[in-house]
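Number of protein chains: 2
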Amino acid sequence: MAKKLVQNITAREEDFAQWYTDVVREAKLCDYSGVKGCMNYLPNGYALWENIQKNLDARFKETGVENVYLPVMIPESLLQKEKDHIEGFAPEVAWVTHGGLEELQERFCIRPTSETLFCDVWSKTVQSYRDLPKVWNQWCSVLRWEKTTRPFLRSREFLWQEGHTIHATYEEAEERTKQMWRVYRDFAQDVLAIPVVSGRKTESEKFAGAQDTYTIEALMHDGKALQSATSHFFGSSFPSAFGIQYSDKNNELHEVYETSWGLSTRIIGALIMVHGDDSGLVIPPRIAPVQTMIIPIAQHKEGVLDKANELVDTLKAAGYKVKIDDSDKAPGWKFSGQEILGIPTRIEIGPKDIENNQAVIVRRDTREKIVVSLDELTTKLAEVLETMQNDMFERAKAFLDSHINEATTMDEMNEKFNENLGFIKAMWCGDEACEDEIKAQTGGATSRCIPEEEEHLSDVCVCCGKPAKHMVYWGKAY
Amino acid sequence: MAKKLVQNITAREEDFAQWYTDVVREAKLCDYSGVKGCMNYLPNGYALWENIQKNLDARFKETGVENVYLPVMIPESLLQKEKDHIEGFAPEVAWVTHGGLEELQERFCIRPTSETLFCDVWSKTVQSYRDLPKVWNQWCSVLRWEKTTRPFLRSREFLWQEGHTIHATYEEAEERTKQMWRVYRDFAQDVLAIPVVSGRKTESEKFAGAQDTYTIEALMHDGKALQSATSHFFGSSFPSAFGIQYSDKNNELHEVYETSWGLSTRIIGALIMVHGDDSGLVIPPRIAPVQTMIIPIAQHKEGVLDKANELVDTLKAAGYKVKIDDSDKAPGWKFSGQEILGIPTRIEIGPKDIENNQAVIVRRDTREKIVVSLDELTTKLAEVLETMQNDMFERAKAFLDSHINEATTMDEMNEKFNENLGFIKAMWCGDEACEDEIKAQTGGATSRCIPEEEEHLSDVCVCCGKPAKHMVYWGKAY
Numbered sequence: 001m002a003k004k005l006v007q008n009i010t011a012r013e014e015d016f017a018q019w020y021t022d023v024v025r026e027a028k029l030c031d032y033s034g035v036k037g038c039m040n041y042l043p044n045g046y047a048l049w050e051n052i053q054k055n056l057d058a059r060f061k062e063t064g065v066e067n068v069y070l071p072v073m074i075p076e077s078l079l080q081k082e083k084d085h086i087e088g089f090a091p092e093v094a095w096v097t098h099g100g101l102e103e104l105q106e107r108f109c110i111r112p113t114s115e116t117l118f119c120d121v122w123s124k125t126v127q128s129y130r131d132l133p134k135v136w137n138q139w140c141s142v143l144r145w146e147k148t149t150r151p152f153l154r155s156r157e158f159l160w161q162e163g164h165t166i167h168a169t170y171e172e173a174e175e176r177t178k179q180m181w182r183v184y185r186d187f188a189q190d191v192l193a194i195p196v197v198s199g200r201k202t203e204s205e206k207f208a209g210a211q212d213t214y215t216i217e218a219l220m221h222d223g224k225a226l227q228s229a230t231s232h233f234f235g236s237s238f239p240s241a242f243g244i245q246y247s248d249k250n251n252e253l254h255e256v257y258e259t260s261w262g263l264s265t266r267i268i269g270a271l272i273m274v275h276g277d278d279s280g281l282v283i284p285p286r287i288a289p290v291q292t293m294i295i296p297i298a299q300h301k302e303g304v305l306d307k308a309n310e311l312v313d314t315l316k317a318a319g320y321k322v323k324i325d326d327s328d329k330a331p332g333w334k335f336s337g338q339e340i341l342g343i344p345t346r347i348e349i350g351p352k353d354i355e356n357n358q359a360v361i362v363r364r365d366t367r368e369k370i371v372v373s374l375d376e377l378t379t380k381l382a383e384v385l386e387t388m389q390n391d392m393f394e395r396a397k398a399f400l401d402s403h404i405n406e407a408t409t410m411d412e413m414n415e416k417f418n419e420n421l422g423f424i425k426a427m428w429c430g431d432e433a434c435e436d437e438i439k440a441q442t443g444g445a446t447s448r449c450i451p452e453e454e455e456h457l458s459d460v461c462v463c464c465g466k467p468a469k470h471m472v473y474w475g476k477a478y
Numbered sequence: 001m002a003k004k005l006v007q008n009i010t011a012r013e014e015d016f017a018q019w020y021t022d023v024v025r026e027a028k029l030c031d032y033s034g035v036k037g038c039m040n041y042l043p044n045g046y047a048l049w050e051n052i053q054k055n056l057d058a059r060f061k062e063t064g065v066e067n068v069y070l071p072v073m074i075p076e077s078l079l080q081k082e083k084d085h086i087e088g089f090a091p092e093v094a095w096v097t098h099g100g101l102e103e104l105q106e107r108f109c110i111r112p113t114s115e116t117l118f119c120d121v122w123s124k125t126v127q128s129y130r131d132l133p134k135v136w137n138q139w140c141s142v143l144r145w146e147k148t149t150r151p152f153l154r155s156r157e158f159l160w161q162e163g164h165t166i167h168a169t170y171e172e173a174e175e176r177t178k179q180m181w182r183v184y185r186d187f188a189q190d191v192l193a194i195p196v197v198s199g200r201k202t203e204s205e206k207f208a209g210a211q212d213t214y215t216i217e218a219l220m221h222d223g224k225a226l227q228s229a230t231s232h233f234f235g236s237s238f239p240s241a242f243g244i245q246y247s248d249k250n251n252e253l254h255e256v257y258e259t260s261w262g263l264s265t266r267i268i269g270a271l272i273m274v275h276g277d278d279s280g281l282v283i284p285p286r287i288a289p290v291q292t293m294i295i296p297i298a299q300h301k302e303g304v305l306d307k308a309n310e311l312v313d314t315l316k317a318a319g320y321k322v323k324i325d326d327s328d329k330a331p332g333w334k335f336s337g338q339e340i341l342g343i344p345t346r347i348e349i350g351p352k353d354i355e356n357n358q359a360v361i362v363r364r365d366t367r368e369k370i371v372v373s374l375d376e377l378t379t380k381l382a383e384v385l386e387t388m389q390n391d392m393f394e395r396a397k398a399f400l401d402s403h404i405n406e407a408t409t410m411d412e413m414n415e416k417f418n419e420n421l422g423f424i425k426a427m428w429c430g431d432e433a434c435e436d437e438i439k440a441q442t443g444g445a446t447s448r449c450i451p452e453e454e455e456h457l458s459d460v461c462v463c464c465g466k467p468a469k470h471m472v473y474w475g476k477a478y
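Chains as they are written, first to last, in our numbering: chain Y, 1 to 478; chain P, 1 to 478.
Isolated chain Y, as found in the complex (with noise of 0.2 Å):
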């Protein structure tokens, strides 16, 4: 019998950070590069972000998005224009000042982030309710220079897609920036299998520039929040800075309301903190680069490649991302590769299958093994694969609710805190200083965000005992 063999994966419960960084290079998705700070997204890392994309972009047409690509860099003059916008990024940001053989009269930088480059474009070609809304998108690379980084999670250099849309009206700007709120959060828990928790971002804790910023928070197996996606609603003022007004029908000028929304690789970090194992990645089947590793069990013996094979063209013939492990390695080493990939099934075929027209499909998740007719394998998989899929989610919802608590007490918090992190739910009086005073005294409770239905806990703050003005869920982000 050949057993099951973990190469170099720390266990989570020892060490999760390096657990994490294990899994990162294991999996081959992502390295270091040379360039400081940065990351190479490699073929297996990459591929995930294909799927992502490819997915996402379909929903985000379906609600009237159209795709772009504006500069990567942005004029020095250009960024300054909106105040809180540039306070927030210019710390952060790289700037380009010579070009070719000269040094540039005006400094660029590569984008963070890039409101003020869509904004300019409006402002020349937006005159009439006629040219209204604009809802656009562009998938690119931004750069903010990050002094620590950790694969996915924090990187100098990093990709994501980042929408910008105008509108004539103010409420048709704040239904925008919920819808594709929700978009993100429906992605997420639809096709990533990860649940979480939904609500609008604290003053302290919103995007430079933003009147209202929505926000999607998953939590990860080690107790910790990680912000996944987010959705702004800048009002007025961000267009107003760059002049954009339109003529509506009686050629009474107006003010354009924006909004902005953006999700990045670091939800590739999400998805393997929350569902990966002792034995690497587990891929939810739905955004999986292959679905199934074919692995051959005594390939050596007569038949069994050629069945192996055959197999894979039936399976690629009935839709299925395929591929086959037919080295020359033994089969508890060909198990191990297919977990640390986290391909969502293995199906291991012998001679003793092919002798009983079966062969045995394997879930990445449970190990369950599941005993199949040749005859009924192309949709047995699917019935795997989609049971495999909402299984995942049902774990990691259990997991999710099991560390929601509430505390109406500073000690509470402390202690359910320090139990096990999670989220904490607890009544807020809207003032900063308590946001910082949880922090400190709870070594790093932040507040994650105000979700759209909140319960009345208690009439005070769990911190300072003043009337309470929101409930917040609080927790130590990543």
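These aren't lab readings, by the way, just hints derived from the structure by calculation.
Treat each hint with caution, since some may be false.
To be verified - Here are the computed lysine-lysine pairs in the DSS-like style, where the Cα-Cα straight-line distance is at most 25 Å:
1. Y:LYS36 with P:LYS124
2. Y:LYS61 with P:LYS316
3. Y:LYS321 with P:LYS61
4. Y:LYS134 with P:LYS329
5. Y:LYS124 with P:LYS147
As the list claims (entries may be wrong) - One-sided and incomplete, this derived list gives chain Y residues near chain P with beta-carbon spacing under 10 Å:
6. ASP31
7. GLY34
8. VAL35
9. ASP57
10. MET73
11. TRP95
12. GLU102
13. ARG107
14. ASP120
15. LEU143
Unchecked claim - Per label pair, the in silico range of CB-to-CB distance:
16. Y:LYS178 with P:ASN390: 43 to 49 Å
17. P:GLU66 with Y:LYS36: 24 to 30 Å
18. P:ASP326 with Y:ALA398: 46 to 52 Å
19. P:GLU14 with Y:ALA318: 53 to 59 Å
20. P:TYR32 with Y:TYR32: 32 to 38 Å
21. Y:ARG154 with P:TYR170: 39 to 45 Å
22. P:LYS61 with Y:GLU415: 49 to 55 Å
The structure presented is a predicted model; accordingly, all values stated were derived computationally and were not measured.
Ideal placement from N, C-alpha and C gives every residue a C-beta, glycine not left out.
Given the coordinates of chain Y, assemble chain P onto it according to the supplied hints.
Frame of chain Y; chain P shown alone:
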């Protein structure tokens, strides 16, 4: 009867350069951004690029290509590792000198191309024959500090894909170079309906650092050539400079052999200039973001808009990409709008058509009107689009063929070249001085390529009369 209205587009024969600019602007493909020399790819232009990406990426993957993403910045020391390469690119890169609030110890350039980064990754990860080949590609933007720019054809930042591969043997790498060159040729011809002349570049026209460059060259309506994609064979010079070696089965060390290949948004310029006419863009059906525009006639009359919307639903359900122009503009304006955008077909439907259970398909290229029974619309439209695709290619091919001439003397070359530009086939001694002389005498003809199957037109060089080494296609290049 509604008449066709042509908006703000100069006639091609009057001023081709102005016609090009007009079409790009009126079809809203792109515009110049506030960032000097850079372009904004607007929704209509970017949608073309998305379709090009989707089709070409699938062709790449069929040949075993894996996608990755490497950093946008390259340290100066890395760029300098291959002598010819840095000489070729140093004068036209942009330099990042500050990150956050600090001055950097080493400058980074924004990638003008990424051979150096790919080699850097492989130098750290490739050790054994088991690690080979690497067949990687990335879709990204690159930046070259151009002085004069034109939409799609030349801009400081442009979008492209760059494929990079390394192989265990010279032969395998050479074959990969040619394979990707064929992928480009087939894509241009089969999908974009752009016939090309293809072959190897001469020494003076090769890519910086390459041993051989293969090119596909398309002919624009004004008789000028456009280099549309290139595939480079580096031999082992480049990877050697980075110290990439692998050990074979006997543990002996060997050099690896490298290729790279790219196609950029320039190809959209070719698409415009090969197929466009005095009414605007003409997009080949296989790459069209919208395949047909439904135009209701007398839409205020009862039942017309309902029927038109019914057609939209029927065609969408059948898998077509459809839009409807139900604005309050007169039909002539709607026709004109669809023609400017180059949407391959429009479907006119009015009260009389509805009475007769028919609609009228109008082809964008020939303006042929095809009356179709509504019962047959979904099948007939596919036929029309397919026929149009083939006709567009045949027309472009006939134009190309009629613009290829032969010359055995400089007088003949000058005469034929001055007549209508196009390609001139002529023998060449292999000497760069003759290339310079031919360029000077003809007023701009450069060597475009040496075809795979050379013809023997004469024993001697068209320019100096010394023994001929190759037959070359000469042309005036964009």
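So, going through the hints one by one against the coordinates:
no. : hint                               : verdict
1   : Y:LYS36 with P:LYS124              : holds (15 Å)
2   : Y:LYS61 with P:LYS316              : holds (15 Å)
3   : Y:LYS321 with P:LYS61              : holds (13 Å)
4   : Y:LYS134 with P:LYS329             : holds (21 Å)
5   : Y:LYS124 with P:LYS147             : holds (24 Å)
6   : ASP31                              : holds (8 Å)
7   : GLY34                              : holds (5 Å)
8   : VAL35                              : holds (4 Å)
9   : ASP57                              : holds (9 Å)
10  : MET73                              : holds (5 Å)
11  : TRP95                              : holds (4 Å)
12  : GLU102                             : holds (8 Å)
13  : ARG107                             : holds (8 Å)
14  : ASP120                             : holds (5 Å)
15  : LEU143                             : holds (7 Å)
16  : Y:LYS178 with P:ASN390: 43 to 49 Å : holds (48 Å)
17  : P:GLU66 with Y:LYS36: 24 to 30 Å   : holds (25 Å)
18  : P:ASP326 with Y:ALA398: 46 to 52 Å : holds (50 Å)
19  : P:GLU14 with Y:ALA318: 53 to 59 Å  : holds (57 Å)
20  : P:TYR32 with Y:TYR32: 32 to 38 Å   : holds (37 Å)
21  : Y:ARG154 with P:TYR170: 39 to 45 Å : holds (42 Å)
22  : P:LYS61 with Y:GLU415: 49 to 55 Å  : holds (53 Å)
The structure shown violates none of the earlier numbered hints.
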